[in-house]
Amino acid sequence: MPECSDQLGNIVSIPRNPQRIISLVPSITEFLYALGLGDRVVAITKFCIYPDEWYLTKPRIGGTKTPDIDKIKALKPDLIIGNKEENRQEDIAALGEFAPVWMSDVNSIQDMYSMLTSLGEILGLEEESLGWITRWKTYFDENKTKGQGKKALYFIWKDPEMVVGKDTYIDAYMKAIGYVNCVERARYPMLSDLDEVNPDVVLLSTEPFPFKETDFGYFQERFPKARIELVSGEEFSWYGVRNVI
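Residue numbers (the working numbering): 7 to 251.
Incorrect hints may have been included.
With a Cα cut of at most 16 Å, we get these calculated EDC-like pairs of lysine to aspartate or glutamate [unchecked claim]:
{"#": "1", "residue 1": "K71", "residue 2": "E92"}
{"#": "2", "residue 1": "K156", "residue 2": "E235"}
{"#": "3", "residue 1": "K152", "residue 2": "E92"}
Simulated from the structure, these hints should not be mistaken for laboratory data.
Let the hints inform the model, and build the full structure from the sequences given.
Here's what the structure looks like:
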């Protein structure tokens, strides 16, 4: 079987044009649908809510962090697609005992482009994947001033209060659409661990914590000079095709 490298640097042997694919990553599931894979995708997770057609009809093999290993094995996949952040290392190791597992690791816009390119090559759909990259580049060109250069503080959790820092796809996305992230620390620090921040705008994400407009009052008191906005977690964190379909 041909060998290729995944985004963690692992060498993976994958059959040409795999026909029994399982996706453990919601945003990648949506990309596979956009590529027109149809019956080649044999199962998804319970969090793969897009598209509706697949969510309602495809077998589900548990959550991103609670996959049913035995059920996956019974499906005899010839390719499993995972993600470093969304899936647990021990589950990936168990799955790798009986099927090739290609791991994604997307922390920048370029990482997303590399992921789309690599999967296009693995699936025999190079031209189609490049088409989606072109759509993304157009999207970012059209939205590069959306944030108007404002200093932004992006919350992903309420208790404890966690925000988005550097070395994340969300940070890269914020920058690409014109925001300046107030947080200089990496990954997802707690607000209490940061030095004083003075955002122009506080962005409350709809996922993973489901912030609502009822949270505005609390954050307005915390940051009286900032504008409080509710933003789509899917827009800011779903790499693949979410914003360009």
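Comparing the hints with the structure gives:
{"no.": "1", "hint": "K71 - E92", "result": "holds, 7 Å"}
{"no.": "2", "hint": "K156 - E235", "result": "holds, 13 Å"}
{"no.": "3", "hint": "K152 - E92", "result": "violated, 28 Å"}
Checked against the numbered hints listed earlier, the structure breaks hint 3 alone; every other hint is satisfied.
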